[in-house]
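2 protein chains.
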Amino acid sequence: MSDYKTYFAERRDQHLNELKEWLSIPSISALSEHKGDILASAKWLADALTRAGMETVEIHETEGHPIVYAERMKAPGKPTILIYGHYDVQPVDPLNLWTTPPFEPNIRDGKIFARGATDDKGQLFLHVKAVEAILRQEGKLPVNVKFVVEGEEEIAGVSLPKFLEENSEKLKCDAVVISDSSLLEPGKPSICTGLRGLCSLEITVTTARTDLHSGLYGGAVPNALHALTSLVATLHDEKGRVTVEGFYEGVPTLTDLEKQDLASYNPDEKKLAADLGLDTLYGEEGYTFTERTGARPTLELNGVWGGFQGEGTKTVIPKEAHAKITCRLVGTQDPQRTLDRIDAHLYKHLQPGAKLHIQHIERANAFTCDPSDRMLQLAADAYEEVYGTRAVFTKDGGSIPVVATFSSVLKSPVVMMGFGLPDENLHAPDEHFSLDNFDKGLLTLVNYLHKTAGASAV
Amino acid sequence: MSDYKTYFAERRDQHLNELKEWLSIPSISALSEHKGDILASAKWLADALTRAGMETVEIHETEGHPIVYAERMKAPGKPTILIYGHYDVQPVDPLNLWTTPPFEPNIRDGKIFARGATDDKGQLFLHVKAVEAILRQEGKLPVNVKFVVEGEEEIAGVSLPKFLEENSEKLKCDAVVISDSSLLEPGKPSICTGLRGLCSLEITVTTARTDLHSGLYGGAVPNALHALTSLVATLHDEKGRVTVEGFYEGVPTLTDLEKQDLASYNPDEKKLAADLGLDTLYGEEGYTFTERTGARPTLELNGVWGGFQGEGTKTVIPKEAHAKITCRLVGTQDPQRTLDRIDAHLYKHLQPGAKLHIQHIERANAFTCDPSDRMLQLAADAYEEVYGTRAVFTKDGGSIPVVATFSSVLKSPVVMMGFGLPDENLHAPDEHFSLDNFDKGLLTLVNYLHKTAGASAV
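Chains as they are written, first to last, in full-length UniProt numbering: chain A, 1 to 458; chain B, 1 to 458.
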């Protein structure tokens, strides 16, 4: 690896200048006036992949923003690694909170500042340069490599899932590698082996045709707020468990290995509570913080409202009340089935005299993969040799639908090898990427491609 | 009574012209620019009382609007009747919804239209003219009469309670008569023998210092909306009863007579539900609609809010949630004690990890009097002879603090003899007063004053 250290050190300025060029393109997928920039960003990437030595480089038109595809399949009998990333970025508001303009990349304090620096151009760039480095140094790649890079990640677009379904044979691989996440903290790499799924709904409870006066009717007619609050209060028991019948079906029992992994990065819970301004954490009894957020499903009220919200008193009996609910799902919990179960629970527990209307909003499957999988263990090895500490396998409480889609469509392990840091302001002003992880990331990825050559191909 | 029929018929135009004069004065107590009109209205009334033959007529200055006091104590050994009313009126917005201007009284369809026509100038005017009629016809009153008329009724002012406390000896009487309410429906007189008290509070539940992301924290931290909704859901049991310990202390058991009275005007509950757009009414088990609203206390959520109320989904764990609550009270339930009991209940049932802040807002005592009291039975007799049907004794679900104050300070029965109708638009555009009840009201009040002469004085 010392050869590569030298190689990257000698070319560091040149590489950073190239990245700055890409980061200067305001490829904001959410804003139609940046359509041209989106195309320019895709084109820039395609050119960079060609320069790196990828053989086939294609820009696939979609109904939304194009998908950049590239491959180099010159390692017969060796595994195929598919690298995923995205070339679009978030909007930049509020602009006045940026220290330097978001599309004028600036290096200071060992960090590169720009929109997209860590999410995800900077991290994807590492893969391009890792491939290029191996080809320059060795003339060939130790494995077959494919790139799939989309331009709709920040707008939850539908083009990529469609592309995956339609090209599942072409995209066949032994591992999907994604660098769009972060280390646990500086110097502590992690590989995420679980993401929670999601389903969401909005419920409306109605009672009388109009709001009623509590002097004339109080105590004798249904109150939409009583009906709603008593209804949603039935969704959890006193120990924080969700009471919806069948809700936990498909939730895997944690293995000892998983418990160990989760324990290895469980925070000091008392300190965490204090940091959040809480007397105590709260959740399903019998589980730690990382187990609750990473490996257990949850049902949360995100909004509740009805009746009078102004100053003072209004003696009104409200005719309607609303609640927004999201569930985070794990294992094989089915989002639609979960929504149906919640519906059944709500109808069963509705107070007499109240009517219920339910709107389903989102559905996303959970993602989970086995940390003992060879492709994941090799990634941990690759990190260890560069960072001096082995990557921790984590379960993340959030939801990234595309990861579950890759996993289910391509049936390959997904290796989430992130090089960001938790405080790099993604989606916020002053987004940046640590140059220390830029350097270590390049070496880790070169290392990983070499290691996977030893794994057996599909 | 036929003499009085003729008397009033002959003077009807003159009386209506006088009332129109008073109704032309825009004595809106809520608006400071009408301060002069308030004084003019008080002065007009004082003059009318003098013309009617009241002996002592005083305008008492207060820190707010003046109180008009009058008395004629020339029936030694006979009971004393204190007549209460108010000479101020509500604001008139929205002005464009009035068919004729609110302060240009207009007679059409057997009704007089103007702000204050039924609430309360028109009704109080009946008492002035009843007294005047007896004095003109008979030269003396069969009982002693006092008038106490305030100008702050529509702004819930503090001057009258203070005046009552300070002048309780001067105001001593055998009955307080108030005409500021309505018949049950045309031709069906009623006497209200109960008004509910009130207490109100606002509660705020807080959890973490900031809103948290449900991906990172969902299932492992307290959610203010869970804490609030599960908390307020504990305030009622499944049968609609309030579960706060001691809440029902001071709630009287209904006597058979009261049950009969309440049953006599209980609506067709199925029809009422359908009219309100409800599948069914709902309330404390074992009670009818009129029992629930008239004789039972209640605790209502008037507003609940927290978290995200916009379109779509936001995966937020809210840090705070709010609820507004009012209770209607009956019998000797103490408003402050009730608030304290609710506080204790809420603190006892608060979920771990949540903090609670409670703000008490209003407190008013309930009013109740015994319908078998002689002064009330005589009022029912007086109605019966004029309307041909006996007045029903009702319990009203609303709260009128001044009634409870009269009852507690003067220790006299309060006779709520209203002559309005439920649909006369008080507090709304096109307020009016039925001339049929104007005519019958005069006769009923003359009748009542004669009847009370037979009751024993204090």
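If you are wondering where the hints come from, they were derived from the structure by calculation, not from laboratory data.
Accuracy of the hints is not assured; some may be wrong.
Note that the list lumps identical chains together, so a pair holds whenever it fits in one copy or between two copies.
As the list claims (entries may be wrong) - Using 30 Å as the maximum straight-line C-alpha spacing, the simulated DSS-like pairs for lysine-lysine come out as follows:
1) 348 / 5
2) 239 / 355
3) 162 / 172
4) 271 / 314
5) 74 / 451
6) 355 / 172
7) 271 / 170
8) 411 / 170
9) 355 / 314
10) 239 / 348
11) 259 / 451
12) 314 / 78
13) 20 / 170
14) 35 / 259
15) 162 / 239
16) 348 / 271
Predicted model only: the values in this text are computed from it and were never measured.
- Query: Out of the numbered hints, which ones does the structure contradict?
  - Reply: 1, 6, 7, 12, 13, 14 and 15
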